[in-house]
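Undergrad: Between the sequences and the hints, there should be enough to build the whole structure, so can you do that?
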Amino acid sequence: MTVLAIAMGTAIATAMLGVMLDIGDKMNLELRSLGANILVTPKTAGALLPEAQIPKLKTIFWQLNLTGFMPSLTEIAQVGGSPVSVRGVWFDRQYRTPDGRVLRTGALAVNPSWRVHGHWIKKPNECLVGGSVAARLNLKPGSTVTLFGEPFRVTGILRTGADEDDQILTELADLQRLTGHPGDVDALQVAALTKPEDEFARKDPARMTSQELERWNCTNYVRSITHQIEEVLPMSTARPVWRVADSEGRVLSKISGLMLLIALAALAAAALTVWSVVATTMLERRGEIAIMQATGATDRMIASLFGAEIAVEGLVGGVIGVLAGLQMAHWVGNSVFRTGIEIPPVLAPLSIFLAMAVALAGAYPPLRKSLLRAPATALRERL
Amino acid sequence: MYWIFVRNAMKLRARRLLLAFSALAVAAALATALFSIYSDVERRVRSEFSSYGANLLLTSASMVPLSAVEFARNAGAVAAPFLFSTGKLSGQPVSLAGVDLKAAQELTQYWHVEGSREGCLAGINLAQRFKLHVGSEAPLENAACHITGIVSTGAAEDNELFLPFETVAKLAGTANAASLIEVRAPGERLEEVRAELQSAYPGVNVRVVQAVAETETGVVRKIRVVLFLLLALILVITTMSVTSNFSELVMERSREIGILKAIGAAERKIASLFVTETVVLALASALAGYAAGIVLAGWIGRSVFAAPFQVRLELPVLLLAAAITLAVALVATALAGASIWRIEPARILRGE
Chain A
449 MTVLAIAMGT
459 AIATAMLGVM
469 LDIGDKMNLE
479 LRSLGANILV
489 TPKTAGALLP
499 EAQIPKLKTI
509 FWQLNLTGFM
519 PSLTEIAQVG
529 GSPVSVRGVW
539 FDRQYRTPDG
549 RVLRTGALAV
559 NPSWRVHGHW
569 IKKPNECLVG
579 GSVAARLNLK
589 PGSTVTLFGE
599 PFRVTGILRT
609 GADEDDQILT
619 ELADLQRLTG
629 HPGDVDALQV
639 AALTKPEDEF
649 ARKDPARMTS
659 QELERWNCTN
669 YVRSITHQIE
679 EVLPMSTARP
689 VWRVADSEGR
699 VLSKISGLML
709 LIALAALAAA
719 ALTVWSVVAT
729 TMLERRGEIA
739 IMQATGATDR
749 MIASLFGAEI
759 AVEGLVGGVI
769 GVLAGLQMAH
779 WVGNSVFRTG
789 IEIPPVLAPL
799 SIFLAMAVAL
809 AGAYPPLRKS
819 LLRAPATALR
829 ERL
Chain B
4 MYWIFVRNAM
14 KLRARRLLLA
24 FSALAVAAAL
34 ATALFSIYSD
44 VERRVRSEFS
54 SYGANLLLTS
64 ASMVPLSAVE
74 FARNAGAVAA
84 PFLFSTGKLS
94 GQPVSLAGVD
104 LKAAQELTQY
114 WHVEGSREGC
124 LAGINLAQRF
134 KLHVGSEAPL
144 ENAACHITGI
154 VSTGAAEDNE
164 LFLPFETVAK
174 LAGTANAASL
184 IEVRAPGERL
194 EEVRAELQSA
204 YPGVNVRVVQ
214 AVAETETGVV
224 RKIRVVLFLL
234 LALILVITTM
244 SVTSNFSELV
254 MERSREIGIL
264 KAIGAAERKI
274 ASLFVTETVV
284 LALASALAGY
294 AAGIVLAGWI
304 GRSVFAAPFQ
314 VRLELPVLLL
324 AAAITLAVAL
334 VATALAGASI
344 WRIEPARILR
354 GE
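Residue numbers (my numbering), protein chains in the order written: chain A, 449 to 831; chain B, 4 to 355.
Please note that the accuracy of each hint is not assured.
[Claimed, not checked] Beta-carbon label-pair distances, calculated as ranges:
#1 A:D473 <-> B:S50: 19 to 29 angstroms
#2 B:S50 <-> A:P682: 39 to 49 angstroms
#3 B:S50 <-> A:E598: 41 to 51 angstroms
#4 A:E660 <-> B:A146: 18 to 28 angstroms
#5 B:E109 <-> A:V794: 36 to 46 angstroms
#6 B:L322 <-> A:V794: 39 to 49 angstroms
#7 B:P142 <-> A:P682: 56 to 66 angstroms
#8 B:G138 <-> A:L585: 41 to 51 angstroms
#9 A:P797 <-> B:R76: 52 to 62 angstroms
#10 A:S783 <-> B:L322: 20 to 30 angstroms
#11 A:F648 <-> B:A17: 48 to 58 angstroms
#12 B:P142 <-> A:R650: 30 to 40 angstroms
#13 A:V550 <-> B:A146: 52 to 62 angstroms
#14 A:A805 <-> B:R76: 37 to 47 angstroms
[Stated by the list, open to error] When the alpha-carbon atoms are kept at most 30 angstroms apart in a straight line, the in silico DSS-like pairs for lysine-lysine are as follows:
#15 B:K14 <-> A:K702
#16 A:K702 <-> B:K105
#17 B:K134 <-> A:K491
#18 B:K225 <-> A:K474
#19 B:K105 <-> A:K817
No lab work stands behind these hints: they were computed from the structure.
The model shown is predicted, which means the values in this text are computed figures rather than measured ones.
Think of the CB as a built atom: it goes at the ideal place given N, C-alpha and C, for glycine as much as any other residue.
TA: Here it is in structure tokens:
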């Protein structure tokens with residue numbers, strides 16, 4: 449019974465802690481649907497960035513936190529006598545990193561919230577038309593529009609509510625070829641998983657000591673990531689898109705705080721349950737203790753005997769509980785976020801240790817009380 | 004007789020009942036707290052997204068009538084007009100944006116401004132290009148512009164010069180019209196406000212900023228599912244601990260149960276005794292737990308969102324908490340009470 453209760457309590461605690469510790473990362477991914485949080489532009493107005501240099505992004509310290517990037521080039525085209533802004537972007541492009549890995553990224557990775565009425569671009573000379581432009585020029589999926597003297601087939605209508613509604617989107621290579629800017633881009637949007645800003649994040653890196661600078665660089669603040677991007681792309685200015693970065697930071701810190709407190713409350717409930725079950729069982733064994741005392745066992749012997757028993761029960765219950773808890777955490781992760789939960793390895797021994805500690809703490813007061821009592825009283829009560 | 008039995012059973016087993024009571028009260032408290040958070044979390048999370056700025060944009064092929072600002076405000080949204088034009092700075096063309104920064108304050112929370120948020124502000128790229136800084140005079144043609152702040156947003160604003168709305172209206176020669184009206188409607192009423200604006204101004208294009216609208220909904224939904232699963236897990240463990248408690252209770256009283264059976268009490272009657280006890284116990288712990296849960300939710304709200312969750316002394320939450328506690332207690336009694344049927348009076352009375 450005790451083992452079962454301890455196992456149950458530990459399972460809940462482990463599952464809860466596992467989910468809570470990982471929920472920040474999961475929510476961070478969820479918040480990526482806000483779009484890019486870093487904008488990289490050429491340092492001097494009117495200059496362009498070389499497209500070939502862009503894969504160097506994947507060499508920065510925080511490369512694994514870059515969930516996607518989207519180079520783009522914007523030009524004005526005359527369509528039916530009125531100017532329309534045409535933007536060439538990477539949609540879902542394969543590229544090779546400087547160290548030889550082949551990866552994919554583009555608009556689909558940076559803007560998971562984009563919904564297309566029709567379908568995405570798959571071939572050259574296809575385009576997506578923004579909602580406002582489509583209404584103005586009366587374009588539908590399947591119609592053809594002439595851009596820079598070449599016919600483009602409209603594959604879909606894109607409604608984002610933002611700038612894209614007033615644009616026509618094509619593959620970057622098409623626009624580069626037609627406008628005579630091969631290999632050039634004028635903006636690069638980057639989506640990164642970042643840590644909410646705190647006081648330390650806002651310090652000026654130029655005024656930090658080398659130790660502080662190292663700590664700052666090794667934290668995924670949006671500013672340290674922009675700093676690192678500027679280092680690998682020297683002709684560029686990288687700026688946080690504050691509208692996205694700020695909202696993200698606020699929401700993330702609130703959610704983590706909320707979940708942490710709920711986890712603590714639930715943890716306390718689990719501990720209380722285990723504690724009360726252990727206390728009840730101990731209370732019931734008053735008679736046993738009294739008999740031991742009456743037959744000459746010292747308090748120390750009795751205490752160590754029961755202590756060892758509870759510790760073993762705690763250990764067994766703890767191990768079973770941790771295994772069940774990890775399973776539960778994965779189940780929650782899969783059903784809510786469709787990905788498993790990453791659990792720090794330290795959690796398992798920590799939970800087992802906590803289980804044993806709580807069990808021993810529950811056993812202590814009744815044990816002490818029984819030992820202090822005269823065995824005769826306890827024995828008379830039992831009979 | 005029945006009630007005397009119930010009352011005495013409670014009095015004589017006070018300690019064990021206290022344990023069951025506290026386990027049930029903890030369940031009720033957590034259920035109350037999670038329900039309060041659950042019902043209020045949408046409003047909370049959506050208000051945190053207000054730092055994203057507008058979630059509705061009013062644009063038009065020509066100009067947007069300024070009266071739409073007042074209309075949106077009456078619909079319960081925050082709204083501010085923007086007027087875009089071009090001007091000449093040291094002979095070079097620059098983008099001018101006219102905006103009443105005071106009215107747009109809530110929509111521009113995400114702007115990082117060095118200096119003051121009022122007056123004539125320069126985007127950071129523009130400021131670098133023309134070597135402008137706070138306190139300098141921008142050589143703008145046809146209008147005075149004393150730079151009071153430098154704006155950085157990481158978006159189009161970085162290349163613009165912000166002037167009071169009227170100044171740009173005069174330069175552009177427009178009246179009662181804006182190029183763009185930014186609206187921040189409460190997230191849960193977004194569609195409603197959009198529809199109202201669209202029907203009042205059919206010539207205007209009212210767009211929902213999909214990125215923020217979708218993200219808000221997604222985040223709220225995920226938090227709710229997590230809260231719900233947590234609640235389920237907590238209830239499972241509480242049921243377990245209460246069951247263990249109750250089955251020991253039945254075990255302890257097997258002698259009484261044996262006697263009752265021997266003098267002719269039906270199992271159902273004996274079980275109903277336990278059930279009555281449980282119901283009384285569950286209702287008492289639901290009340291205590293409800294009070295504790297409200298305090299807990301208030302505390303969590305205060306420490307996370309700097310304002311307590313709306314403390315609802317609402318009947319639905321109380322009833323829900325009571326129902327859950329009762330359900331947990333009854334499941335536990337049912338699991339524990341099954342052994343009543345297995346107790347054989349003869350063996351009990353013989354002293355086994």
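Undergrad: Run every hint past the structure and note whether it holds.
TA: Each hint tested on the structure:
no., hint, in the structure
1, A:D473 <-> B:S50: 19 to 29 angstroms, "24 angstroms, holds"
2, B:S50 <-> A:P682: 39 to 49 angstroms, "41 angstroms, holds"
3, B:S50 <-> A:E598: 41 to 51 angstroms, "48 angstroms, holds"
4, A:E660 <-> B:A146: 18 to 28 angstroms, "44 angstroms, violated"
5, B:E109 <-> A:V794: 36 to 46 angstroms, "43 angstroms, holds"
6, B:L322 <-> A:V794: 39 to 49 angstroms, "42 angstroms, holds"
7, B:P142 <-> A:P682: 56 to 66 angstroms, "31 angstroms, violated"
8, B:G138 <-> A:L585: 41 to 51 angstroms, "46 angstroms, holds"
9, A:P797 <-> B:R76: 52 to 62 angstroms, "58 angstroms, holds"
10, A:S783 <-> B:L322: 20 to 30 angstroms, "28 angstroms, holds"
11, A:F648 <-> B:A17: 48 to 58 angstroms, "55 angstroms, holds"
12, B:P142 <-> A:R650: 30 to 40 angstroms, "32 angstroms, holds"
13, A:V550 <-> B:A146: 52 to 62 angstroms, "54 angstroms, holds"
14, A:A805 <-> B:R76: 37 to 47 angstroms, "58 angstroms, violated"
15, B:K14 <-> A:K702, "46 angstroms, violated"
16, A:K702 <-> B:K105, "27 angstroms, holds"
17, B:K134 <-> A:K491, "15 angstroms, holds"
18, B:K225 <-> A:K474, "10 angstroms, holds"
19, B:K105 <-> A:K817, "69 angstroms, violated"
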